[in-house]
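Protein chains in written order, with the working numbering: chain A, 1 to 292; chain B, 1 to 276; chain C, 1 to 253.
These aren't lab readings, by the way, just hints derived from the structure by calculation.
Don't take each hint at face value.
[What the hints assert, rightly or not] Okay, the calculated bits of chain C under chain B, using three or more residues with CB under 8 Å as the criterion:
1) 7-21
2) 54-60
3) 86-97
4) 103-111
Treat the numbers as computed from the prediction; the structure is a model and nothing was measured.
Glycine is no exception: its CB is placed at the ideal position from the N, C-alpha and C atoms.
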Amino acid sequence: MSAGYNFGFLDEHAKKEVRRAILKAISIPGYQVPYSSREMPMGRGFGTGGLQITLSLIGANDTLKVIDQGSDDSVNAVNLRQFIEMTCPGIDTTTRLSEATLIQSRHRIPETPLKPEQVLVLQVPYPDPLVVVEPSEDKRKIMHGEADYARLLVKLYEDIVKFDEITISHRYPTRINDHYVIDPSPIPRWDVPKLDNSPALILFGAGREKKIYAVPPHTKGEPLAFEDVPFRVEDFRDAQGKRRACARCGATDTFLDEFMNEDGSKRYQCSDSDYCDETLEADMMTEATTHA
Amino acid sequence: MRKILEVRNLSKIYGKGCPRCIESTGPEADTNMCPHCGSVVAIHDVSFDLHEGEILGLMGESGSGKSTVVKNLYFDQTPTSGEARFFDEAGTQDMFHLNAAQQRRLRNQRFGMVYQNPHLGLNFGISSGGNIAERLLMNDVSHYGEIRERAKELLSRTEVLLSRMDESPGNFSGGMQQRVQIAKALATNPPLLYLDEVTTGLDLSVQARILDLILEIQQERNTAMIVVTHDLGVIRLLTGRALVMKYGRVIESGLTDQILEDPQHAYTQRLVASAL
Amino acid sequence: MKTPILKIEGFGKHFTLHEQNKRIPSSHNVNLEVYAGELTALIGPTGAGKSSVLKGIYRTYLPSAGKILYRDKNGVEVDLAQADEYRMLQLRHEEIGFVTQFLFCLPRQSTLDVVAHPLVVRGMSREAARTKAAEMLTALNLPERLWSISPATFSGGEKQRVNLARGLVARPRLLLLDEPTASLDPVTAERVIALIEQIKAEGVAMLAIFHHPELTQRLGDRVVELTPPPATSKQADIKEKSGTNEQKVEVFA
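For reference, chain A alone in the conformation it holds in the complex (with noise of 0.2 Å):
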């Protein structure tokens, strides 16, 4: 398959462009940088935003993770990864957070911290997040330049308005470096407070709208929220107020999925399933050891 394929699938001089853009990107904490999105042999909307950086900063030497929704097993996840793989001939490629060189993922930013040598890569598919309150670019562009953000609080307060408190479960907007509101992609709020001063890089690809942007190590990433009504993450409470636990490995401090059992009662699961795995061999060494 490499046969006639340059490492990587882009040709060198799509690379790097892309890695111009990040560089850019990087530069101006927040900002969408515009690029020259390629044609990807896979629907754009099906990652091809993150797969282009992926693939413009893959060496031989990387050992690559790809999660898609926490899981790295689902369909798409699995495609990117065996794609990736045939492409670039000689690469590594890993389920385990700390083996990891490049993370990219779909809709969630691991539990585990991550460390300053990774590279977090996010697809996106709606890049700016004034794309709900005005419609044309052009003004989209000045209202970043001037750092005009009001109209999205108005956003909030009307959530607040309408159901006390503010709803936003994904994409929420926030802003970086003091002056730059992003669109986090779809992550969840417990996902938000990690672009906060994060050790690693993260960056962010949206193949279809064509917008490279990054939040660098040690940045500040803040939430937009009222003095008074701060910005929350989710708390899995129970009607009882007790912190739910995963079904699996029971833990208490990640972000849960929910699923249907098939007697209609409802099971609870944490949605990194690396995280999960890692806490159940844990708990089995440790079980294991006082066996012993």
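Fit chains B and C to the given chain A structure using the hints.
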């Protein structure tokens, strides 16, 4: 009384313009469209002063350029030439030499605008309270409770039912929409307010109450206002001085009672004579 | 020698009606003086332009000719025929009052607020201004039950009293009066006369047009008679004729 605004030689031409535009348009030419190049001389050489707390009237019929004057002063449009200086505690602002962000700040903090068409001044996609919140949020008020309180204060001052503050202004009557617009314009307590035909098209009784409200606000807050209208009644009721415009030119200016009782220009005489 | 507060030299006023291509003369070569604590009365037949003189001073009319020299409270002389609009507004607010035959006031405002308004403009608190206004309305015999409603529906005499109250309440330095007692019953008229005498004693300078010759006799310290300008209503006839308006000036001791 301190001078708050100084407008000098303000001109706005739509179109590419030609050297004969000015001589070929105006009241004598009986048109504002240049017969040589087709450009529209919306306003030419408009100059006036405005003092703190003063209400100045801009009167004339449609096409006279009166609305264009305030649109340029509110930065909705960019003038072709001319100067405007705004004076406040922060010093003198050369309005047309500021950058976009500075203009936006001036517009959001120091000016207020009430349009004839509430769709221009209000966002119908959000609640009435949200409309006021927007203006406060533009000015870095970031406390939800405070925003809520200020919005309530403003809406009750402009006599909008508080029980309806969380509804879209789209559900309101025309008069009520103007009240929401006025509340929004006042949110930052600006020293200068532009009112563009704010009562046109409203029922007479509704008009009267809006005009009363405007006067009360002017007395309470000493807000300077520029009132654009074709209605001599509004001019008489609200303004102390007035400019009469025709085809983009100021043809007459003076104390309002003098303009109405002793108009000098033929056009003004006809206007006053034809008033009900 | 006393210095007049107001000295008018060669004042003239005509109206140019463009539509009808006419020039309507009104006042012609008016000369007069008004002193503090004195009342100068303007007399003359209808059409002599008496009201035009008052309106010309107040800038409700733009003077066509002459000088209107006013000495303000700081002793500065200003020609009201030339003064800019802001200077006129300032003098209107602070020094010159005008009681016309007709009441113009903001609709839907209570009588008390209408009368208090000139004081509020001068910076007095609303409450204090209302107290003063109430005193003035009492002095002019306007029933208290009318104070809280708008004068729009009042009778001619009632409106006239509101108008007077508003003109007198702020004690201007110069007061212009245009037939202040025209529609008043004799009792109220006497009250108005007493009031005029009182503010004259307080030092207010007044220029007045009276309906009845006897009032001129009683209140006028000086009398200036105006004669109608030469009949020149066709534009073709327009010619400045000067010095033809004979004025009989009597000075009462």
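Here is what the structure says about each hint:
Counting residues of the region 7-21 of chain C whose C-beta lies closer than 8 Å to any C-beta of chain B gives 5; at least three are required, and the coverage claim holds. Requiring three or more residues with a Cβ within less than 8 Å of a Cβ of chain B, the coverage given for the region 54-60 of chain C holds, as 3 such residues are present. Note: the region 86-97 of chain C has 4 residues with beta-carbon separation from chain B under 8 Å; the three-residue rule is met and the coverage holds. With 3 residues carrying a beta carbon less than 8 Å from a beta carbon of chain B, the region 103-111 of chain C meets the three-residue requirement, and the given coverage holds.
Going through the hint list in order, the structure satisfies each hint without exception.
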